[in-house]
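Peer 1: Since the structure of chain H is already known, use the hints to place chain A on it.
There are 2 protein chains.
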Amino acid sequence: MPSTSVITAVYEITGDDPAARAGLVAVEQSHELPTELAPANAVRDSLAHVRSVEPRAGRPALATVDYPVDLAGGELGQLLVLLLGNVSLQDGVRLIDVELPAALAAALPGPRLGLAGVRARVGEPRGALLATALKPVGMTAEQLAALAFELAAGGLHVIKEDQGLADQPWAPFAERVPRIAEAVRKGGSGVYLPVVNGSAARFADQVRFARDAGADGVLVMPGIAGFGALAHAAEVFPGGIVLAHPSFLGGFTAAGSHGIAPDVLFGTLLRLAGADAGIFPSWGGRFSFTRDQCLAIADAARRPLHDVPAMLPAPGGGMTIERAPELLADYGPDTMFLIGGDLRRGDDPRRAAERLVAATR
Amino acid sequence: MPSTSVITAVYEITGDDPAARAGLVAVEQSHELPTELAPANAVRDSLAHVRSVEPRAGRPALATVDYPVDLAGGELGQLLVLLLGNVSLQDGVRLIDVELPAALAAALPGPRLGLAGVRARVGEPRGALLATALKPVGMTAEQLAALAFELAAGGLHVIKEDQGLADQPWAPFAERVPRIAEAVRKGGSGVYLPVVNGSAARFADQVRFARDAGADGVLVMPGIAGFGALAHAAEVFPGGIVLAHPSFLGGFTAAGSHGIAPDVLFGTLLRLAGADAGIFPSWGGRFSFTRDQCLAIADAARRPLHDVPAMLPAPGGGMTIERAPELLADYGPDTMFLIGGDLRRGDDPRRAAERLVAATR
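Here the protein sequences come in this chain order: H and A.
Per the numbering used here, residue 42 is the first one in the first sequence, and the count goes up by one each step.
Per the numbering used here, residue 42 is the first one in the second sequence, and the count goes up by one each step.
Source of the hints: derived by calculation from the structure; they are not laboratory data.
Ideal Cβ positions, reconstructed from N, Cα and C, are used throughout, including at glycine.
Possibly wrong hints are sitting among the right ones.
As the list claims (entries may be wrong) - So these bits of chain H aren't anywhere near chain A, every CB distance computed over 10 Å:
1. 53
2. 57
3. 93
4. 102
5. 144
6. 162
7. 191
8. 223
9. 229
10. 255
11. 324
12. 333
13. 370
14. 374
15. 389
16. 391
Said to hold, decoys possible - Have a look at the derived ranges for each label pair, beta carbon to beta carbon:
17. A:143 - H:98: 50 to 60 Å
18. H:140 - A:253: 34 to 44 Å
19. A:374 - H:157: 53 to 63 Å
20. H:348 - A:366: 49 to 59 Å
Same shape as in the complex, but just chain H (with noise of 0.2 Å):
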């Protein structure tokens, strides 16, 4: 049974004294003191707890560490700063699995859609999502909404802006975004995301902006804009939908003996962040993470979590309409497929997008 009032956080440690490593981060995450040095009057009810160290033979050892709860101040951020902050910055402890109390599971954003809420926006109840990004950089925001519109019409679901879309000559934001919408619009049913990548200020600033020339939600980079921007886009678009995009984020989730497991960065840390969904890249494609890594992320971003609404798994990166179904039958249908270049082979994007629908069936 969960504790209420421990977040507890498992690390993988490599080196030679797995239990005094263990000690070791469990200050520095907390007390960032040696302890015989912190005020002893004060931090009795702020110390973290190291719970037990298993050493494994030809792997890291498994580290448990129990943190009071408060010690998170009922913030996202700083669970982030207290699960890894300091840490992320030493070789040899990997986060490999966070769990929360509900109280702060309450606390923190979580989506606001959802998996359901995004369904019920597209209008697709209980099929796959199929969704595409507009792209390169480099077209007019005039080329760019004939693609959206032959995308839309094809009978995709989501159409969203690739994260190299910024505020550029070719295409600029503020024309592009109104001109997309009303694409998007005429050619289907499906919803239009557009990329959302200002600084501070400007961040809200373009929010509101799609969200005023009809866009349906908005393509968030929390390596870029920060984690807390995906709540940020949630509450200054209501009912738009937030997709998270990983640009940015990888140095976390690389091979190794540091950083964050992919399920735990992609699926649950994401999902506690606000996303509604969130975009990873998939096996097989141009990038390295393995089959058991992808299904790992779906299943964190899909499972039971207190009551925190399950978020869309999103995976992208290289993937083709000869491999969907492959991929349907192992995601299975709660999930958002991303399609990008292979939409794109020949001189007809809408009948590309009806190959896929046809595909995933």
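Peer 2: For chain A alone, kept in the frame of chain H given last:
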């Protein structure tokens, strides 16, 4: 001579065919579509170009890629997407150098105060700047204020909060910030920088509160709050010092064949993003950067970079009073030295601060 029209990135590439891989990086980071699928009429001036690939015996190859400057759209966030966004999710590519045209550098935030402005605000025209952190979490606002008073009276220039402090029950933000600000003012001529880690809209509220409560700036964690948060804080708090903390940025700089070289991330990129001073883990403490890496960070923070003001490098992490003279000799006086736990050995933090001041005169 740097080009006026391209952003130049240098990558270390590990693997069998670095030339082919460099070509894939250029595509991934710009069009994200096989070049033959990119609409020919639209994209000529948005194509990235591999300038050179230099194999090195027993070491990763060096690949130099030129990106048309317009791809960044004049935005810091998009520059980060461009330099490493998707490729951060792939192994075998590490960003080790960046060169920008002057016009783009001028469009990015950069430090508002920078090294010279922080010196002016602190009232220390030439000597090394000495800083420490208020910790551990678990102390009350009253205890933290009493400690801050002693440290300021001991002659420290900068008293910042630990990144482990948030809005927790022991010392809520709204209670502790005015108290500590007052204590530091009474204690000496040092400045006080509370940590701001609320998400999204709350971030700006906290910065505003800190400004109005008499703080001298804020500590910001761009790995959590986003890179745009540094400039956002400077906007909300004119004249306030913006100090960057590396929490949750470690995934990128871990040793290995991916991510970002520490001097690029903690020097160049944080400086462009608007940090007046940037904390990084120094060698010899409990983190893993080498002496050469740390001195390269300090150099990237201070060296000429078009008209971008110099940023103060702020080495920290397990540093001691005893090592201060050695570190001062290595880093030079244009440095903010962050000394933590070592000021707390014994019962007299004021005396310890005085010893630190004496050791660096």
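Peer 1: All hints are to be evaluated individually against the structure, with a verdict given for each.
Peer 2: Tested hints:
1. 53: It holds; residue 53 (chain H) is separated from chain A by about 14 Å at its closest Cβ, greater than 10 Å.
2. 57: At about 15 Å from chain A, residue 57 (chain H) clears the 10 Å cut-off, so the statement holds.
3. 93: The claim holds: residue 93 (chain H) sits with its nearest Cβ about 23 Å from chain A, beyond 10 Å.
4. 102: Holds, because the least Cβ-Cβ distance between residue 102 (chain H) and chain A comes to about 19 Å, which exceeds 10 Å.
5. 144: Per Cβ check, residue 144 (chain H) is outside 10 Å of chain A; nearest 13 Å; holds.
6. 162: Nearest chain A Cβ is 22 Å from residue 162 (chain H), so the label holds.
7. 191: holds, 13 Å
8. 223: Holds: least Cβ distance 20 Å, greater than 10 Å.
9. 229: holds, 22 Å
10. 255: For residue 255 (chain H), whose nearest Cβ neighbour in chain A is about 22 Å away, the distance exceeds 10 Å, so it holds.
11. 324: The assertion about residue 324 (chain H) holds, with a minimum of 12 Å to chain A.
12. 333: Given a closest Cβ separation of 17 Å, the condition holds.
13. 370: The assertion about residue 370 (chain H) holds, with a minimum of 25 Å to chain A.
14. 374: About 25 Å separates residue 374 (chain H) from the closest Cβ of chain A, which puts it past 10 Å; holds.
15. 389: With a cut-off of 10 Å, residue 389 (chain H) remains clear of chain A, as the shortest Cβ separation is near 13 Å.
16. 391: holds, 16 Å
17. A:143 - H:98: 50 to 60 Å: holds, 57 Å
18. H:140 - A:253: 34 to 44 Å: holds, 39 Å
19. A:374 - H:157: 53 to 63 Å: holds, 60 Å
20. H:348 - A:366: 49 to 59 Å: holds, 56 Å
In summary, this structure violates none of the numbered hints.
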